[in-house]
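There are 2 protein chains.
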Amino acid sequence: MTERLVVVGGDAAGMTAASQARRRLDAQQLRITVFERGAFTSYSACGIPYWTGGVVAERDQLIARTPEQHRARGMDLHTATEVVELDLMGRRVRTRDRQSGAQQWTEYDHLVLATGAEPVRPALPGFDAPGVHTVHTLPDGQALRDALARTGPGPDPRAVVVGGGYIGIEMVEALLLRGYRVTLVHRTPEPMPGLDPELGELVRRGLEKLGVEVVPGAEAVEVLTGPDGRARGVRSTVGEHPGELVVLGLGVRPRTELARAAGLALGVHGGLRTDERMRVLDASGARVPGVWAGGDCVEVRHLLSGQHQHVALGTHANKHGLVIGANLAGEALAFPGVVGTAVTKVGDLEIARTGLNEREAAAAGLSWVAARAESTTRAGYYPGTAPVTVKLLAEPGTGRLLGAQLVGGPGAAKRVDAVAVALGARLTVTQLLFQDLGYAPPFSPVWDPVLAAARALLGRLGPLG
Amino acid sequence: MTERLVVVGGDAAGMTAASQARRRLDAQQLRITVFERGAFTSYSACGIPYWTGGVVAERDQLIARTPEQHRARGMDLHTATEVVELDLMGRRVRTRDRQSGAQQWTEYDHLVLATGAEPVRPALPGFDAPGVHTVHTLPDGQALRDALARTGPGPDPRAVVVGGGYIGIEMVEALLLRGYRVTLVHRTPEPMPGLDPELGELVRRGLEKLGVEVVPGAEAVEVLTGPDGRARGVRSTVGEHPGELVVLGLGVRPRTELARAAGLALGVHGGLRTDERMRVLDASGARVPGVWAGGDCVEVRHLLSGQHQHVALGTHANKHGLVIGANLAGEALAFPGVVGTAVTKVGDLEIARTGLNEREAAAAGLSWVAARAESTTRAGYYPGTAPVTVKLLAEPGTGRLLGAQLVGGPGAAKRVDAVAVALGARLTVTQLLFQDLGYAPPFSPVWDPVLAAARALLGRLGPLG
Numbered sequence: 001m002t003e004r005l006v007v008v009g010g011d012a013a014g015m016t017a018a019s020q021a022r023r024r025l026d027a028q029q030l031r032i033t034v035f036e037r038g039a040f041t042s043y044s045a046c047g048i049p050y051w052t053g054g055v056v057a058e059r060d061q062l063i064a065r066t067p068e069q070h071r072a073r074g075m076d077l078h079t080a081t082e083v084v085e086l087d088l089m090g091r092r093v094r095t096r097d098r099q100s101g102a103q104q105w106t107e108y109d110h111l112v113l114a115t116g117a118e119p120v121r122p123a124l125p126g127f128d129a130p131g132v133h134t135v136h137t138l139p140d141g142q143a144l145r146d147a148l149a150r151t152g153p154g155p156d157p158r159a160v161v162v163g164g165g166y167i168g169i170e171m172v173e174a175l176l177l178r179g180y181r182v183t184l185v186h187r188t189p190e191p192m193p194g195l196d197p198e199l200g201e202l203v204r205r206g207l208e209k210l211g212v213e214v215v216p217g218a219e220a221v222e223v224l225t226g227p228d229g230r231a232r233g234v235r236s237t238v239g240e241h242p243g244e245l246v247v248l249g250l251g252v253r254p255r256t257e258l259a260r261a262a263g264l265a266l267g268v269h270g271g272l273r274t275d276e277r278m279r280v281l282d283a284s285g286a287r288v289p290g291v292w293a294g295g296d297c298v299e300v301r302h303l304l305s306g307q308h309q310h311v312a313l314g315t316h317a318n319k320h321g322l323v324i325g326a327n328l329a330g331e332a333l334a335f336p337g338v339v340g341t342a343v344t345k346v347g348d349l350e351i352a353r354t355g356l357n358e359r360e361a362a363a364a365g366l367s368w369v370a371a372r373a374e375s376t377t378r379a380g381y382y383p384g385t386a387p388v389t390v391k392l393l394a395e396p397g398t399g400r401l402l403g404a405q406l407v408g409g410p411g412a413a414k415r416v417d418a419v420a421v422a423l424g425a426r427l428t429v430t431q432l433l434f435q436d437l438g439y440a441p442p443f444s445p446v447w448d449p450v451l452a453a454a455r456a457l458l459g460r461l462g463p464l465g
Numbered sequence: 001m002t003e004r005l006v007v008v009g010g011d012a013a014g015m016t017a018a019s020q021a022r023r024r025l026d027a028q029q030l031r032i033t034v035f036e037r038g039a040f041t042s043y044s045a046c047g048i049p050y051w052t053g054g055v056v057a058e059r060d061q062l063i064a065r066t067p068e069q070h071r072a073r074g075m076d077l078h079t080a081t082e083v084v085e086l087d088l089m090g091r092r093v094r095t096r097d098r099q100s101g102a103q104q105w106t107e108y109d110h111l112v113l114a115t116g117a118e119p120v121r122p123a124l125p126g127f128d129a130p131g132v133h134t135v136h137t138l139p140d141g142q143a144l145r146d147a148l149a150r151t152g153p154g155p156d157p158r159a160v161v162v163g164g165g166y167i168g169i170e171m172v173e174a175l176l177l178r179g180y181r182v183t184l185v186h187r188t189p190e191p192m193p194g195l196d197p198e199l200g201e202l203v204r205r206g207l208e209k210l211g212v213e214v215v216p217g218a219e220a221v222e223v224l225t226g227p228d229g230r231a232r233g234v235r236s237t238v239g240e241h242p243g244e245l246v247v248l249g250l251g252v253r254p255r256t257e258l259a260r261a262a263g264l265a266l267g268v269h270g271g272l273r274t275d276e277r278m279r280v281l282d283a284s285g286a287r288v289p290g291v292w293a294g295g296d297c298v299e300v301r302h303l304l305s306g307q308h309q310h311v312a313l314g315t316h317a318n319k320h321g322l323v324i325g326a327n328l329a330g331e332a333l334a335f336p337g338v339v340g341t342a343v344t345k346v347g348d349l350e351i352a353r354t355g356l357n358e359r360e361a362a363a364a365g366l367s368w369v370a371a372r373a374e375s376t377t378r379a380g381y382y383p384g385t386a387p388v389t390v391k392l393l394a395e396p397g398t399g400r401l402l403g404a405q406l407v408g409g410p411g412a413a414k415r416v417d418a419v420a421v422a423l424g425a426r427l428t429v430t431q432l433l434f435q436d437l438g439y440a441p442p443f444s445p446v447w448d449p450v451l452a453a454a455r456a457l458l459g460r461l462g463p464l465g
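Chains A and B supply the protein sequences, listed in that same order. In this text, residue positions in the first sequence follow our numbering: the first is 1, and each later residue adds one. In this text, residue positions in the second sequence follow our numbering: the first is 1, and each later residue adds one.
Accuracy of the hints is not assured; some may be wrong.
Unchecked claim - Partner residues aside, some chain B positions facing chain A, computed with beta carbon under 8 Å:
id	residue
1	Leu25
2	Asp26
3	Leu30
4	Phe40
5	Cys46
6	Arg59
7	Trp105
8	Pro336
9	Gly347
10	Asp348
11	Pro383
12	Ala413
To be verified - Now the in silico label distances, taken between C-beta atoms and shown as ranges:
id	chain 1	residue 1	chain 2	residue 2	range
13	A	Gly330	B	Thr398	15 to 23 Å
14	B	Ser284	A	Gly397	48 to 56 Å
15	A	Gly263	B	Thr398	39 to 47 Å
16	A	Asp348	B	Gln104	53 to 61 Å
17	B	Gly347	A	Ala363	41 to 49 Å
18	A	Glu240	B	Glu68	40 to 48 Å
19	A	Leu303	B	Thr237	29 to 37 Å
Since the hints were made in silico from the structure, they are not lab data. None of the values given here were measured: they were computed from a predicted structure. Ideal Cβ positions, reconstructed from N, Cα and C, are used throughout, including at glycine.
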């Protein structure tokens with residue numbers, strides 16, 4: 001008998017789930033229907049800052065697979081179609097055609113919720129004014145590109161970025177590339193709150209070197225508007241910051257209203273909770289029959305803190321989709337959780353973190369010892385070598401690694417991967433120190449910066465044997 | 001009571017052992033005497049190809065610490081002083097001053113053997129002729145630089161590199177940078193025998209694109225000399241290859257004559273055998289009292305094959321030195337072994353491997369399944385993205401990872417580290433697939449190439465759960 005799969009949301013998690021299911025099950029075994037509220041499928045939201053900055057020329061470069069391409073692979077895919085109600089008891093979803101307004105019910109045996117996330121936009125004066133942008137979807141990016149084409153670069157184009165996290169930093173770079181003077185307004189003492197402050201300071205200095213005005217400890221309270229109603233700057237708790245463009249990088253939250261309305265339980269961060277096979281759980285921890293979820297609308301378990309987090313990253317969404325697709329075909333693939341790895345760059349400065357920083361370790365009730373190493377990305381004598389600072393955290397007593405942060409020149413960021421795997425495998429600092437990382441002068445000093453940090457941390461932890 | 005440490009060999013392993021011991025023990029606790037046959041200490045032998053190629057301008061850039069700097073840190077360091085005899089029963093070494101010829105005995109409580117390796121130079125006609133170079137020591141490098149200054153670049157300077165491994169490839173690059181036409185003569189069907197042939201083929205194509213004449217399956221049998229007795233080319237089993245410069249990259253072997261003469265047992269590769277704390281073992285596996293060894297003169301255990309190997313790499317030598325120095329001070333630090341990681345580059349082509357390749361897996365009596373992924377170093381749409389091929393091997397049944405090989409553009413090689421740690425932690429392919437590697441468009445596609453290869457390999461292994 002043909003089973004029916006309904007997927008809500010046509011981006012990374014949803015379409016990967018559908019594709020991986022289709023790869024394993026033919027149309028006789030599984031009928032796949034996808035509802036996507038927008039016009040696009042399978043695009044790189046993470047690429048939008050680079051598109052708006054002009055590093056990537058064309059919107060379509062960000063699209064990995066169009067609706068037509070998905071349809072050609074045997075999916076019944078409906079764009080501009082919003083799912084407005086889930087009937088979990090009746091195993092059906094109610095959709096609304098966004099053009100015609102026509103509604104209809106579609107039954108399912110398996111339901112995949114992949115509704116994604118939405119950018120945080122505070123309910124404060126002016127935050128919905130023209131000239132205030134988020135960069136979460138392709139239409140968001142298009143709106144910002146249109147605004148850039150309209151307003152800039154004039155004689156002194158200015159922009160204010162609100163929020164000093166990943167998107168904020170990436171949008172600072174994009175606006176600099178577009179010729180804007182940029183003010184970065186952010187809440188914490190240093191930008192990149194995912195880093196400990198002394199590493200965040202390195203990021204601030206890098207931003208300042210690029211000419212960015214960094215305003216720390218500043219909560220944006222109002223978007224100032226001109227007589228035309230358009231944004232003309234931001235008022236924060238520390239002052240006024242002029243700019244005809246305002247870009248919000250205040251993070252995202254799971255888009256789970258539909259799930260909540262259907263009675264599904266949400267976690268503390270507003271995301272769906274699933275088991276390792278991405279089957280949705282109810283408030284008691286029991287599985288909701290036939291319902292799966294993945295991507296930016298779920299919470300994931302952090303393997304070090306044991307706590308659930310909301311981490312909106314395409315790489316996790318793709319893995320969730322793979323797990324769902326495989327499990328739909330009877331394979332027992334499991335997503336174990338995350339260790340909180342993230343990388344980004346601004347100009348030539350690369351930034352990476354994994355595991356827990358000091359604040360997060362404290363919040364998880366863990367004690368830690370930390371050490372830093374100042375090293376270089378290549379052998380000190382090799383051309384193109386650049387400074388890199390590596391900070392490592394470990395648990396005293398056991399020596400178990402807790403986290404790493406890196407800030408440095410080209411070649412710094414992806415070094416975090418070695419630590420991410422070490423965290424995933426629950427290695428100690430001593431074990432990390434003796435990992436056989438690649439060494440040659442164009443790629444590393446003889447002690448890789450990560451190993452240099454492990455050596456420094458071992459010295460602080462005392463002899464562990 | 002003051003103990004006496006004697007170190008034989010003043011490079012990576014020896015000087016790191018001495019420095020780490022000195023860091024933990026003052027002159028009252030430990031008297032440190034180092035004998036170095038050459039004039040230099042603590043230099044980067046791995047940097048010599050880049051120095052000869054002119055990428056690194058000055059010899060002294062390769063020197064991490066001079067004899068004077070070591071002496072200032074409380075070492076009694078003798079250069080140009082050769083150890084000519086070990087008296088293990090009497091716990092003393094006999095040295096010979098290479099200038100005066102004067103000999104004397106020095107007693108020790110602890111002896112560190114760090115005598116390094118020496119390049120293989122076949123006992124065949126012409127291999128000792130002027131114009132035939134190895135690149136193992138600073139004087140070797142100086143001799144080659146002098147020869148380059150003397151002979152080239154003339155109207156058609158030509159060089160022959162014998163050996164297609166790491167040093168061979170790096171010397172090809174160096175000679176290209178010096179304006180030479182280069183012929184690479186090597187024994188195996190493809191260069192880089194550390195890679196499986198289909199990855200080696202990618203290296204050959206990269207070399208050919210750089211204008212190198214690659215001669216595979218060729219055993220060098222004679223260095224041809226002119227009437228002046230100088231090299232004028234190489235004769236191999238497939239023909240004659242003209243070149244006024246001949247560079248040998250035929251590997252190195254442990255320099256252990258002194259140890260052998262003293263009755264110490266050597267392994268199958270001619271290196272000393274030690275336990276995990278780098279204490280020298282005799283033929284029965286018992287510890288030789290007071291004798292330690294590290295660096296290029298020892299054999300190390302391969303964690304996947306369980307077999308001993310000779311791996312001459314500065315990164316291991318430094319770790320050995322750290323282990324010896326810490327243990328001399330009573331810390332129970334242990335060097336667990338290697339997984340065979342190596343990285344290099346030629347032009348823009350990066351090359352990496354870790355674990356076992358197919359030939360090595362077969363030699364270790366293991367069965368394997370392999371898969372390849374063709375991916376990119378950055379998101380496909382991000383400027384500067386370059387192709388990268390990743391091959392992974394795993395054990396059928398268990399899914400345990402066995403090895404990885406990567407060939408690709410800038411950003412490819414150090415991706416091997418994530419797999420090296422996964423091998424060190426004995427992860428399965430499924431576990432690797434779900435590691436939380438850093439993702440952002442400037443650094444990786446949404447599936448990191450390593451994860452893409454894991455996904456492909458999982459498909460071949462069949463559902464493992």
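Here's how the hints hold up against the structure:
Against a cut-off of 8 Å between C-beta atoms, the interface hint on B/Leu25 is violated, since the closest Cβ of chain A lies about 14 Å away. Annotation: B/Asp26 was flagged as interfacial toward chain A, and the flag is violated, the nearest CB pair being 17 Å apart, outside 8 Å. Nearest Cβ of chain A to the Cβ of B/Leu30: about 17 Å, over the 8 Å cut. The hint is violated. The restraint placing B/Phe40 at the interface with chain A is violated, with a minimum CB-CB distance near 14 Å, outside the 8 Å limit.
Restraint check, B/Cys46 versus chain A: the minimum CB separation of about 6 Å is within 8 Å; hint holds. Of the supplied interface hints, the one on B/Arg59 is violated, with its beta-carbon coming no nearer than about 10 Å to a beta-carbon of chain A, more than 8 Å. Annotation: B/Trp105 was flagged as interfacial toward chain A, and the flag is violated, the nearest CB pair being 34 Å apart, outside 8 Å. For B/Pro336, the interface hint holds, the least distance from its beta-carbon to any beta-carbon of chain A being 5 Å, beneath 8 Å.
Taken as an interface hint, B/Gly347 does not check out: its beta carbon lies about 11 Å from the nearest beta carbon of chain A, beyond 8 Å. The interface hint given for B/Asp348 is broken, as the beta carbon of that residue sits about 11 Å from the closest beta carbon of chain A, more than 8 Å. Proximity of B/Pro383 to chain A holds as hinted, the smallest CB-CB distance being about 6 Å (cut-off 8 Å). Interface restraint check for B/Ala413: the shortest CB-CB distance to chain A comes to about 6 Å, inside 8 Å, so the restraint holds.
Between A/Gly330 and B/Thr398, the C-beta spacing of about 21 Å keeps the proposed range 15 to 23 Å intact. For the hinted restraint 48 to 56 Å between B/Ser284 and A/Gly397, the CB-CB distance of approximately 38 Å leaves it violated. Distance hint check: the CB atoms of A/Gly263 and B/Thr398 are about 43 Å apart, consistent with the given range 39 to 47 Å. The beta-carbon spacing between A/Asp348 and B/Gln104, approximately 55 Å, falls within the hinted interval of 53 to 61 Å.
The hinted range of 41 to 49 Å is satisfied by B/Gly347 and A/Ala363, whose Cβ atoms lie roughly 48 Å apart. Taken as a hint, the range 40 to 48 Å is violated for the pair A/Glu240 and B/Glu68, whose Cβ atoms sit roughly 60 Å apart. Separated by about 55 Å at the C-beta atoms, A/Leu303 and B/Thr237 break the suggested range of 29 to 37 Å.
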